[in-house]
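Undergrad: Chain by chain, the residues run as shown.
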Amino acid sequence: MAAMLQSLGVTSASVTSNKFTAFSINSLPVIRSESRTVSVAINGTRKAGKVTTKAVAAQAENPTSAASKPGHELLLFEALREGLEEEMDRDPRVCVFGEDVGHYGGSYKVTKGLADKYGDLRVLDTPIAENSFTGMAVGAAMTGLRPIVEGMNMGFLLLAFNQISDNCGMLHYTSGGQFTIPTVIRGPGGVGRQLGAEHSQRLESYFQSIPGIQMVACSTPYNAKGLMKAAIRSENPVVLFEHVLLYNLKERIPDEEYVLSLEEAEMVRPGEHVTILTYSRMRYHVMQAAKTLVNKGYDPEVIDIRSLKPFDLYTIGNSVKKTHRVLIVEECMRTGGIGASLTASINENFHDYLDAPIVCLSSQDVPTPYAGTLEEWTVVQPAQIVTAVEQLCKQ
Amino acid sequence: MACSATAKILQPLSIRSAEKSESCGKMLSPSSFLGSTPLPKKLFSVNKTISPLARRSATIVAVSSDVVKEKKLKSTQNLLITKEEGLVLYEDMYLGRAFEDMCAQMYYRGKMFGFVHLYNGQEAVSTGFIKLLKKEDCVVSTYRDHVHALSKGVPARQVMSELFGKNTGCCRGQGGSMHMFSKEHNVLGGFAFIGEGIPVATGAAFTSKYKREVFKEDCDEVTLAFFGDGTCNNGQFFECLNMAALWKLPIVFVVENNLWAIGMSHLRSTSDPQIWKKGPAFGMPGVHVDGMDVLKVREVAKEAVSRARRGEGPTLVECETYRFRGHSLADPDELRDPAEKAHYATRDPITALKKYVIENKLASEAELKAIEKKIDEEIEEAVEFADESPVPERSQLLENVFADPKGFGIGPDGKYRCEDPKFTQGTAQV
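Taken in order, these protein sequences are the chains called F and V.
The letter at position 59 of the first sequence is residue 59 when you use UniProt numbering, and the numbering goes up by one with no holes.
The letter at position 144 of the second sequence is residue 144 when you use UniProt numbering, and the numbering goes up by one with no holes.
Just chain F, with the same shape it has in the complex:
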């Protein structure tokens, strides 16, 4: 599948370069695991071998043969909207709650036009009461609807922590399995362009301990639409992390319907020397670093873990077994972040395969400063990634 990633404004706030060159298919084959529907039997059976072989296949797909249809180009926020619209068409129980999702069209335009099409009740403009409207979504989900809660900024969902943790995560268990909570909680997070500390939060580290929820992070229009659809169809509560700076990424996605798996990681670039695990916006910093590394003679394997909870230990494990070196690049804080959990998980499961300690590059444990230069230094930059790989490969 040809993937032209033309990312606008994804780079760090560097004053010199503010435009990404598009990745051509030849240097960056994108392998996607085969889409599978989520409506498999509850006991978790799945068609053996269908997905896994594809997920770790190292061959580059021939763009001309892979493209069955030309597909259509769109931006990431449009891909999210397309996924959302398709699901709302398919199932009248799907509805959206959030601030300014209706008439305003969503602060990042993800729900633009949907209120006109589906009405004010299915795309509900809520008052500014995160805890309560998230709880409302839980109550609606328990009584038969499938609500999607939009946090205008992920950080605002901290106000909804009570409902997300106690009710979304736990009610299925405390009710003895009687009630399901098929909600999707989504919103933009991450460090943007000088948005200030409170609008630049990464909540994945706070939510990861909540039992009973799944967390996924999208990074391309293709996986954004696929994950949105999968999250809506899932019977579990899912938190979908989007990133403020990735909404304008452009990509060509298939015309035909597809749903991705919530639990699988995405092989972005197969390689031999080192496994780089990343997600969300850091994927692009990693790919930028990868270009430099390739020029220097390294062959990094880049995996977008996508599923932040649970981790896809199969894809990750196979990679570790191949390269024996792991670098984690994340935008989360250093302390208690996704990288910390991932490090623990890999050490636990694949310790024997490691030739060197796992290196984890995370954001500084600092409230994101407003000043552009300071902000740049709080997140991981491509140069740091290059240095880290070089050091890792020396050992």
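Just so you know, the hints here were simulated from the structure itself, not pulled from any lab data.
Even glycine gets a Cβ: it sits at the ideal position worked out from N, Cα and C.
One or more hints might be untrue.
[What the hints assert, rightly or not] What follows is a list of derived Cβ distance ranges for each label pair:
| no. | chain 1 | residue 1 | chain 2 | residue 2 | range |
| --- | --- | --- | --- | --- | --- |
| 1 | V | Ser269 | F | Asp100 | 31 to 39 Å |
| 2 | V | Lys341 | F | His103 | 34 to 42 Å |
| 3 | F | Pro211 | V | Glu217 | 28 to 36 Å |
| 4 | V | Ile262 | F | Pro211 | 24 to 32 Å |
| 5 | V | Ser306 | F | Phe161 | 51 to 59 Å |
| 6 | V | Phe113 | F | Thr387 | 54 to 62 Å |
| 7 | F | Ser345 | V | Ala345 | 54 to 62 Å |
| 8 | F | Asn349 | V | Lys341 | 54 to 62 Å |
[Unchecked claim] Distance condition first, Cα-Cα at most 16 Å in a straight line; then the derived EDC-like pairs of lysine to aspartate or glutamate:
| no. | chain 1 | residue 1 | chain 2 | residue 2 |
| --- | --- | --- | --- | --- |
| 9 | F | Lys117 | V | Glu213 |
| 10 | V | Lys354 | V | Glu372 |
| 11 | V | Lys211 | F | Asp91 |
| 12 | F | Lys296 | F | Glu272 |
| 13 | V | Lys111 | V | Glu380 |
| 14 | V | Lys216 | F | Asp91 |
| 15 | V | Lys209 | F | Asp120 |
| 16 | F | Lys322 | V | Asp413 |
| 17 | V | Lys216 | F | Asp120 |
| 18 | V | Lys355 | V | Glu367 |
| 19 | V | Lys211 | F | Glu272 |
| 20 | V | Lys354 | V | Glu84 |
| 21 | V | Lys422 | V | Glu388 |
| 22 | F | Lys250 | F | Glu272 |
| 23 | F | Lys321 | V | Asp413 |
| 24 | F | Lys296 | F | Glu256 |
[To be verified] Which stretches of chain V does chain F cover? Using the computed rule of at least three CB atoms under 8 Å from a CB of chain F, they are:
| no. | region |
| --- | --- |
| 25 | 164 to 174 |
| 26 | 191 to 203 |
| 27 | 238 to 249 |
| 28 | 402 to 411 |
Mind docking chain V on chain F? Use the hints.
TA: Relative to chain F, chain V alone:
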């Protein structure tokens, strides 16, 4: 006032005093929903007389800001309930009381643990409201939820079994005292944090409206949210009052004001202790009712529930009630004034109903005794059932964490972790 013994007609609702709130003189109609059925734009008016009540010094019979109309009963024969209704109410209240008393016994015998909050004294509220509901209507409660579940129809044996932590409990032993759920009877919990359940109730009411307006079904299900006086100072309470009134959701907010939040007196924690007044501030009627009198509660409940069914929106009902026991079985209950406890003990709702039923010749003492005996046996049987039920097996540990167990992820071997036999055995580490 308890049900009067004299020939005086029982008038549960005297619209004596209510304060007009300027902000709600005219009902603001929320923006119309596309596709919504046009609802009568009824402007509700509020009585103009100002209440000088600053404290709970006066015995308030019932005060309503609006809608609930005064009942003019014509003759002494025109009672509020029929015999059948009276017996149903009596049975339900007695069930609640007997069950809670048995819980206390079992707790002190070491059959149940943790935090157990008993409902003794407040039965009139649960019975008065829930006995008016259909099976499809939803009830949301707090940690003091045993009796709400029983009134809604959850069998006593399932509730007792849940308290004992057995796998035959309504939540398979996974919820406990504070988390009574029943899909069959539409009991949506059971919440440990106060205020947590109110948005859930608001969501259930939203589903009812959604079914009517999006699915075009003939749905008039209502939701009742029960919570206490302490919760009325919590943000979620106010946020939900706003949303429910804004969207005219079919919900009734029932405040069980028993004056105490563990050891914190309502008067010490609340700037304006009259909770019913907070309803009109959000655009819904606020009603105060004597929560120790099941008939009065029932009359108010009828009006509030039918208001919600008609699509006219929410109501805030403050029930003045009292818990005869401490906050929980771990609470020594030393802070409350014995005189206060004695006063409310004379207003025991079960005794009051019994008196009413007998004096108005609705039933005989013997019939009531027969009901009591039946309930006592039912409770004994529930305890036996719970005792004999098995404790949950280890295999149950990981079973209901996710509705779709694929959520545990993919293991190093490529298979979904839930396919690992250790999952069904409950020994896997997640």
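Undergrad: Against this structure, judge whether each hint is valid.
TA: We went through each hint and held it up to the structure:
1. Ser269(V) to Asp100(F): 31 to 39 Å: holds, 35 Å
2. Lys341(V) to His103(F): 34 to 42 Å: violated, 54 Å
3. Pro211(F) to Glu217(V): 28 to 36 Å: holds, 35 Å
4. Ile262(V) to Pro211(F): 24 to 32 Å: holds, 28 Å
5. Ser306(V) to Phe161(F): 51 to 59 Å: Since the Cβ atoms of serine 306(V) and phenylalanine 161(F) sit about 37 Å apart, the hinted range of 51 to 59 Å is violated.
6. Phe113(V) to Thr387(F): 54 to 62 Å: holds, 56 Å
7. Ser345(F) to Ala345(V): 54 to 62 Å: For serine 345(F) and alanine 345(V) the Cβ distance comes to about 59 Å; the hint holds.
8. Asn349(F) to Lys341(V): 54 to 62 Å: Holds, at about 60 Å.
9. Lys117(F) to Glu213(V): Answer holds: lysine 117(F) to glutamate 213(V) is near 15 Å, not above 16 Å.
10. Lys354(V) to Glu372(V): Distance of about 11 Å is within 16 Å: holds.
11. Lys211(V) to Asp91(F): holds, 13 Å
12. Lys296(F) to Glu272(F): Cα-Cα ~14 Å, so holds.
13. Lys111(V) to Glu380(V): At roughly 14 Å apart (the allowed maximum being 16 Å), glutamate 380(V) and lysine 111(V) satisfy the hint.
14. Lys216(V) to Asp91(F): Holds: lysine 216(V) and aspartate 91(F) sit about 15 Å apart, inside 16 Å.
15. Lys209(V) to Asp120(F): Holds - the C-alpha atoms of aspartate 120(F) and lysine 209(V) are around 12 Å apart, at most 16 Å.
16. Lys322(F) to Asp413(V): Satisfied, since the Cα-Cα distance of roughly 15 Å is no more than 16 Å.
17. Lys216(V) to Asp120(F): holds, 15 Å
18. Lys355(V) to Glu367(V): holds, 13 Å
19. Lys211(V) to Glu272(F): Violated - the C-alpha atoms of glutamate 272(F) and lysine 211(V) are around 55 Å apart, more than 16 Å.
20. Lys354(V) to Glu84(V): At roughly 14 Å apart (the allowed maximum being 16 Å), glutamate 84(V) and lysine 354(V) satisfy the hint.
21. Lys422(V) to Glu388(V): violated, 28 Å
22. Lys250(F) to Glu272(F): violated, 29 Å
23. Lys321(F) to Asp413(V): holds, 12 Å
24. Lys296(F) to Glu256(F): violated, 40 Å
25. 164 to 174: holds (count 6)
26. 191 to 203: Holds: 10 residues of the region 191 to 203 of chain V have a Cβ under 8 Å from chain F.
27. 238 to 249: Our answer is that it holds, as 5 residues pass the Cβ test (under 8 Å) against chain F, meeting three.
28. 402 to 411: Since three or more residues must qualify, the claim that chain F covers the region 402 to 411 of chain V holds, with 10 doing so at under 8 Å.
The structure does not agree with the numbered hints 2, 5, 19, 21, 22, 24 stated previously, though it agrees with the rest.
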